[in-house]
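Student: Residue numbers (this note's numbering), protein chains in the order written: chain L, 2 to 190; chain Y, 2 to 190.
Treat the hints as calculated values from the structure; they're not laboratory data.
Note that the structure is predicted; figures quoted are calculated from it, not measured.
Don't take each hint at face value.
As the list claims (entries may be wrong) - Per label pair, the in silico range of CB-to-CB distance:
#	chain 1	residue 1	chain 2	residue 2	range
1	L	E54	Y	V185	39 to 45 Å
2	Y	R179	L	K153	46 to 52 Å
3	Y	S47	L	Q69	23 to 29 Å
4	Y	Q69	L	K153	34 to 40 Å
5	L	I62	Y	E145	36 to 42 Å
What the hints assert, rightly or not - Under the rule of at most 30 Å between Cα atoms (straight-line distance), these lysine-lysine pairs were calculated in the DSSO-like manner:
#	chain 1	residue 1	chain 2	residue 2
6	L	K102	Y	K153
7	Y	K153	Y	K163
8	L	K153	L	K163
9	Y	K102	L	K153
Unchecked claim - One-sided excerpt, in silico: chain L residues whose CB lies under 10 Å from chain Y:
#	residue
10	S14
11	R17
12	D18
13	L43
14	L46
15	M48
16	E51
17	Y81
18	N82
19	R83
20	S97
21	K102
22	N103
23	G124
24	Q131
25	L136
Positions of the beta carbon are idealized from the N, C-alpha and C atoms, including for glycine.
Listed here are the chains, written in short residue letters.
Number of protein chains: 2
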Amino acid sequence: MTQPLDVVALIGSLRRDSLTKRLVFGLIEVAPRSMHIEIVPLAELSMYNEDLEDQPPPSWIDLRARIQCAAAVLIATPEYNRSVPAVLKNALDVGSRPYGKNVWAGKPAAVVSASPGAMGAFGANHHLRQALTYLDMPTMQQPEAYIGGVDKMVDENGHFIKDSARQFCTTVMDEFERWILRFVNRPAP
Amino acid sequence: MTQPLDVVALIGSLRRDSLTKRLVFGLIEVAPRSMHIEIVPLAELSMYNEDLEDQPPPSWIDLRARIQCAAAVLIATPEYNRSVPAVLKNALDVGSRPYGKNVWAGKPAAVVSASPGAMGAFGANHHLRQALTYLDMPTMQQPEAYIGGVDKMVDENGHFIKDSARQFCTTVMDEFERWILRFVNRPAP
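Please construct the entire structure, taking both the sequences and the accompanying hints into account.
Tutor: Have a look at this one:
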């Protein structure tokens with residue numbers, strides 16, 4: 002049997018009952034069996050400050066090591082003031098440093114943004130994509146996932162309430178698997 | 002004598018010898034006498050998490066109170082991975098919450114972005130502007146300030162080395178004063 006694809010999930014909200022986190026549980030539920038998705042906690046990640054690079058905080062060392070060995074990265078984000086929540090941007094910044102040691106480079110990525118409103122956190126999704134370009138993360142382009150009305154799509158246990166949402170998210174994760182396999186050196190399933 | 006204009010400066014880098022901080026010292030040096038500019042430290046600001054709103058961390062309370070009584074906001078930012086440093090985005094997010102209590106609303110703002118390279122942190126500058134739109138901060142449009150080669154413009158004490166840089170930054174601050182006065186209810190100087 003082939004090794005599962007080790008996919009790291011980053012969530013842009015620290016709230017315990019975060020809707021974005023619910024959605025990630027849903028995405029995990031519908032993901033292809035080849036993928037093993039692990040949510041990496043970001044609550045304790047120290048804010049980036051280059052002065053600390055001589056003795057990096059343990060939280061930086063842990064994140065960098067975890068990303069280094071991951072096959073791919075799933076980023077799920079709400080929108081804060083039409084842009085990326087700081088907790089997510091900080092994770093990207095910490096993993097990108099010190100200069101020349103960007104752990105994100107080459108990791109295939111998918112961005113899923115979500116909001117209770119109609120726009121599905123489009124602003125956060127695309128601000129993220131500008132950073133991912135610089136970080137050299139090959140990012141799945143289609144299907145785009147701007148999940149509006151997320152509070153009516155997944156329940157508090159992360160199960161899909163709406164069939165259409167389940168179907169769309171299944172497609173997203175199937176395509177993400179195909180995308181990852183373009184970059185991971187292994188036989189196709 | 003009229004009260005000075007109480008301007009808060011936010012700096013997007015925590016590094017002790019930050020080039021952006023140097024530039025802010027330079028901007029303070031050339032600012033009109035009417036402006037009193039205070040750098041608000043952001044290093045200890047807790048990461049935003051809505052769950053904490055019942056008992057907000059003291060660092061949130063302090064920031065919100067300080068912005069509330071400020072006349073205007075000067076934002077100086079480097080670029081991290083073609084976008085805004087998390088420390089700055091977190092400050093904006095903290096000040097924008099809880100819902101309905103956005104302390105930034107109506108505060109006139111200027112964005113100055115800086116980098117040692119040629120592009121002057123354009124990416125960070127404009128990602129910031131997208132958030133400032135939502136936060137309802139009337140933001141000075143011209144002159145735009147994308148300060149490239151900042152390491153050769155200000156010395157380690159925040160004094161301008163280049164006359165052209167001093168002149169440009171003087172214009173920026175003069176225009177910022179005029180901009181602020183459009184929104185502050187007081188006689189023109």
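Student: Taking the closest Cβ pair, is L:M48 under 10 Å from chain Y?
Tutor: Constraint on L:M48 satisfied, holds at 5 Å.
Student: Has the hinted range 46 to 52 Å been met by the Cβ atoms of Y:R179 and L:K153?
Tutor: 48 Å Cβ-Cβ, so the 46 to 52 Å window holds.
Student: Does L:N82 pass the interface check with chain Y, least Cβ-Cβ distance below 10 Å?
Tutor: 4 Å, holds
Student: Classify the hint on L:E51 as holds or violated, based on whether any CB of chain Y lies nearer than 10 Å to its CB.
Tutor: 5 Å, holds
Student: With 10 Å as the cut and Cβ atoms as the points, is L:S14 at the interface with chain Y?
Tutor: 8 Å, holds
Student: Do the numbers back the hint for L:Q131, that is, is its least Cβ distance to chain Y under 10 Å?
Tutor: Interface hint status for L:Q131: holds (5 Å vs cutoff 10 Å).
Student: Tell me if L:L136 is really an interface residue toward chain Y, meaning its C-beta lies closer than 10 Å to one of theirs.
Tutor: 6 Å, holds
Student: Quick check on the hint: L:D18 CB to chain Y CB, less than 10 Å?
Tutor: Result: holds, 8 Å to nearest chain Y Cβ.
Student: 34 to 40 Å was suggested as the range; check whether the CB atoms of Y:Q69 and L:K153 agree with it.
Tutor: With Cβ atoms ~36 Å apart, the hint holds.
Student: Report holds or violated for the interface hint on L:L43, using the least CB-CB distance to chain Y and a cut-off of 10 Å.
Tutor: At about 9 Å, which falls below the 10 Å cut-off, the nearest Cβ of chain Y leaves the hint on L:L43 intact, so it holds.
Student: Is L:K153 within 30 Å of L:K163, Cα to Cα?
Tutor: 8 Å, holds
Student: Keeping to a limit of 30 Å between CA atoms, is the pair of Y:K102 and L:K153 held or broken?
Tutor: Given pair Y:K102, L:K153 holds - Cα atoms ~26 Å apart, limit 30 Å.
In the structure shown, a violation is registered for the earlier hint numbered 21 alone.
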